[in-house]
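**Student:** Start from chain B and add chain E according to the hints.
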Amino acid sequence: MITLTIDNKKVVVEDGATILAACEMAGSKVPTLCHEKKLLSFGACRICLVEVEGTRTKFTPSCTTPATDGMVVKTMTEALIKARRTILELLLISHPLDCPVCDKAGECSLQDLVYEYGVSGNRFKGIKFTLPVDHISPLIERDLNRCILCGKCVRICDELQGVSEISFVNRGMRTKIGTDFDRPLDCEFCGQCISVCPVGALTSKLFKYKARLWELENIPTICPYCSNGCTLILGIKDNQIKTITSHDDIGINEGNLCAKGRFGYEFVANPLRLKKPLVKRDGKFEEVDWDEALGLVVTKFNEIKTDSGANSIGALGSARLTNEEIYLFQHLIRQGLGTNNIDHGGGYSYQGLIGLKESLDYPASTNSIHEIRETKAILLLRADLNETHPNIKIEVNLAINRHQARLIVADNKRIKLSANVASNLIYKPGTELTLINGLINLLIKNDLINKDFIKEKTTGFDKLLSCVKKYTPEYVEGICEVNPQDLELAARVYAEAEKACIIVTCGMGLCGNNRDIALAASNLALLTGNIGKESSGVYILPEKNNSQGALDMGAVPGFLPGYMPVDKPGYSAFQMLEAGKLKGMFIVGENPVMTYPLPDVQKALESLEFLVVQDMFMTPTAELADVILPVGSFAEKEGTYANLGKRVQKLKKALLCHGETKSDLEIFIDLCQRMGCEITTDNNPLTSFIKEESNPLTSFIKGEFAGEDKPWKNNNWKGKFIPVESDEIKTDRDELLLVSTGSHLYSGSLSAWSPHLLEVKGEACVEVNYKDAKKIGLDAGDPVKISSKNASIKLKARLSDNIPEGVAVVETHPLLNVMVLFGQKMMPIKGKIGKE
Amino acid sequence: MDKLNEIIDKYRETEGALIPILQEAQEAFGYLPKDVLVGIGKGLKLPLSQIYGVVTFYSQFFLTPHGKYTIRACRGTACHVQGAKKIISTIENLINLKEGETSPDLKFTFETVACLGACALSPVMMVNKDYFGKMTPKKITTILSQY
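Protein chains in written order, with our numbering: chain B, 301 to 1136; chain E, 2 to 148.
Careful, some of the hints might be misleading.
Unchecked claim - Quick list of in silico lysine to aspartate or glutamate cross-link-like pairs, DMTMM-like style, CA-CA up to 20 Å:
1. E:35 <-> B:1101
2. B:605 <-> B:909
3. E:46 <-> B:909
4. B:1075 <-> B:1136
5. E:46 <-> B:1101
6. B:1071 <-> B:1028
7. E:43 <-> B:1101
8. E:35 <-> B:486
9. B:576 <-> B:589
10. E:46 <-> B:459
11. E:43 <-> B:486
12. E:35 <-> B:482
13. E:46 <-> B:786
FYI, nobody ran anything at the bench for these hints, they're computed from the structure.
Bound conformation, chain B alone (with noise of 0.2 Å):
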């Protein structure tokens, strides 16, 4: 620890901190342009410079000078604001002075210390730069005019995205940040540059002249995309999102934001929103009051229920929901309609969280979000961060870049982040089950297991024995086409590393296999001892903003609230779409027709006799319904959501409602009531549920909100080896093997009704390599029928060295529906690819 003196104040430090820190801690306003808490430090604009009482030099730069024993330091000092004052004359030699129409004014660090340090005038001449702006770039507006060149963008862009889109372009006066050879932006949009930009240089497009800063209303809330729970900031104006922003001390995102986030808000005040119940009559939708439609809904179901029994009716709910109406969703079914065919997220999303309750008891992942910036060995499988989860790719930057982690990537393809790798396993698809257990035959080989804890810690060591056996590096050569080396090489830094930690996504793209998958990252974890330490585990990272709760809420056939097993589980969601299965159907938030793998959803939703659909849009799904019930959006109620470290996280009321829309929890305590379904003061999601602290639902939850410990801090905990293998899909000469993957934009639910966001993704794409767009006879751009056995959908060719020959890469598109190339197995799939 190092103790100095900060204007008359003593202050103690840890070792390494920076004069700033210290000065920060003893409660001196240092003025900063270049610093940013969660960056390297840098010593750019020379601002905060302060008196070191001893020194040679007149000033010292705190912001990259480290403290030192006995050091005393003055910050503001007659000779100290003179030289401050002179930095903001030089800056504002080519700084223009347009705040009037700057979208930045109000919170510029510019504007605000010319303010404070009073500079009128300016003693020095020069030219103002008229560089052009930026209007191509979709999203991001660069005006380099306004730039001071504190390097903030280029090093969030580089230290925290691991993009690197930006740098400092030529030298001297003409100095600029730059993409190379000037191109417009073309990089995952986030727009992080936009929010460490202390003035006006890297504005939202979507802001622009909407609104000036002091106006908003800043109402923090909670992301509704992916589930690793954001907080944003919603700049309100007139009963609408003016803008997104993040505050580095406000949520777990530390200020950081995607694409998603941070641009992703154009659907709560799409013009095509839902507005008033609308029911079908001859085929033609009618408004209706509120009162009608949910009397025609229940008195449907009723007649459903009294003819053909409950058995007949089905529900799919969502894990965009809260926690609240997940909870009364399912109870309404389950009280009401007497069913259990109660499902979401197609039964599959989230097979892998199910997969982790088998092994450890624990049906989330194992360890915190943050916690994966200090581990020392990282294995991605499968798990494209920067398209599915951004933020957490931040934790794996900050582990390889801070923390001298070491990371192994396996994956169909070669992904961005395989740029650092310490070891790159690119397997053939489908494979993943014998990669693993190839790893783990290869750590008993070579004794690099943690037998202490295999032997206290676990269960079924000698089945998981008996069954890698076969698995011998020539073996998994043979299958997943992975060299005995690159194998050899990622065992060993995973499992030499003290901590380290298996990230897998579930519920994108192809999961067929989460549950093994799950499974068997939980077999590596375990016969390392990786389980139960700080910054090591398993991560499963589900997609949506409540996949956690939905789970944990028993939106699922065979589970109650809290994982209570159920006498005789319900359909699941695959099988309640089964032509003829069902007579009634209540879908919430969902819209299987465009992401369901099954080529005959429609077909199935049009036998049905009645059926409901829940939505803030008119979605494909919700052209075949009978009743659609329009509800609100994130930002216009209440609730909780579950991230995806369990921790669960308040919505605040930011909108008025739109329309006549309900929110989905008003909806269904209605409904509730007409079924004469009963709700407790206890279990009254209104009164108690939101309004208190102590919310009941936690309950079900447990893990990190509710404090509970998890499983394996109780010394009877076993953890289970449940040994899990595929069979190998082959191929024939002129066959591809398709691959879906998780993309930007998942599967569009909100990103379809954000248009901004869509410009952004571009078309509907496959991706195959060169090679192979030879043979073919493609080229980039051409318009391609792929199909498989399933269906055939036409899309645009992309091509590219980062696929295997062999393969083909279909994102998901929010426009389109890819999935149904795969069909219920939702596994990769032979198919073909031809030129339109």
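**Tutor:** Chain E only, in chain B's frame:
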């Protein structure tokens, strides 16, 4: 591109080898075309934006084709006093190029520099790696006619 891979391989084990690689690549290709920078980026696992930043920082790297002969005229203080302006305008007239331009036949590129470090010989010019001192308009004509 084989040539480029050879250069990159030579430095594969060296930390911070970007600048020598750029220099050798420029030597081999005459300038640094985009494809070469992309290749270097892939080889060194460096983002293209950062390589572009380095290339544009140093005046020794060119992104456009350069003439076979690069003529550099000094406009430093000593040369200026000794009549560099006249020298520069003579060169410009003789090869019909303005400062920073390259002739369409890719024979000459003309540049001016702040100092060539040979003030005793001012006014000075260079053609590729050869120095020519105490220049006069007449001498320039003879020198350039040799190329």
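**Student:** The structure should be examined with respect to each hint, and the outcome stated for every one.
**Tutor:** Cross-check of the supplied hints:
Taking the CA atoms of residue 35 of chain E and residue 1101 of chain B, the gap is about 18 Å. The hint holds against a cut of 20 Å. With a C-alpha separation of about 12 Å, the suggested pairing of residue 605 of chain B with residue 909 of chain B holds against the 20 Å cut-off. Taking the CA atoms of residue 46 of chain E and residue 909 of chain B, the gap is about 59 Å. The hint is violated against a cut of 20 Å. In summary, the hint linking residue 1075 of chain B to residue 1136 of chain B is supported, as the alpha carbons are separated by about 15 Å, within the 20 Å threshold.
With a C-alpha separation of about 15 Å, the suggested pairing of residue 46 of chain E with residue 1101 of chain B holds against the 20 Å cut-off. Using a Cα cut-off of 20 Å, the hinted pair residue 1071 of chain B and residue 1028 of chain B is violated, with the two alpha carbons roughly 24 Å apart. About 12 Å separates the Cα atoms of residue 43 of chain E and residue 1101 of chain B, which keeps this hinted pair within 20 Å; it holds. The straight-line distance between the Cα atoms of residue 35 of chain E and residue 486 of chain B is roughly 17 Å, inside the 20 Å bound, and the hint therefore holds.
In summary, the hint linking residue 576 of chain B to residue 589 of chain B is supported, as the alpha carbons are separated by about 7 Å, within the 20 Å threshold. Using a Cα cut-off of 20 Å, the hinted pair residue 46 of chain E and residue 459 of chain B holds, with the two alpha carbons roughly 15 Å apart. A distance of roughly 18 Å separates the Cα atoms of residue 43 of chain E and residue 486 of chain B; the hinted pair therefore holds under the 20 Å criterion. At roughly 12 Å between alpha-carbon atoms, residue 35 of chain E and residue 482 of chain B fall within 20 Å of each other, so this suggested pair holds.
About 19 Å separates the Cα atoms of residue 46 of chain E and residue 786 of chain B, which keeps this hinted pair within 20 Å; it holds.
Against the hints set out earlier in the document, violations occur for numbers 3 and 6.
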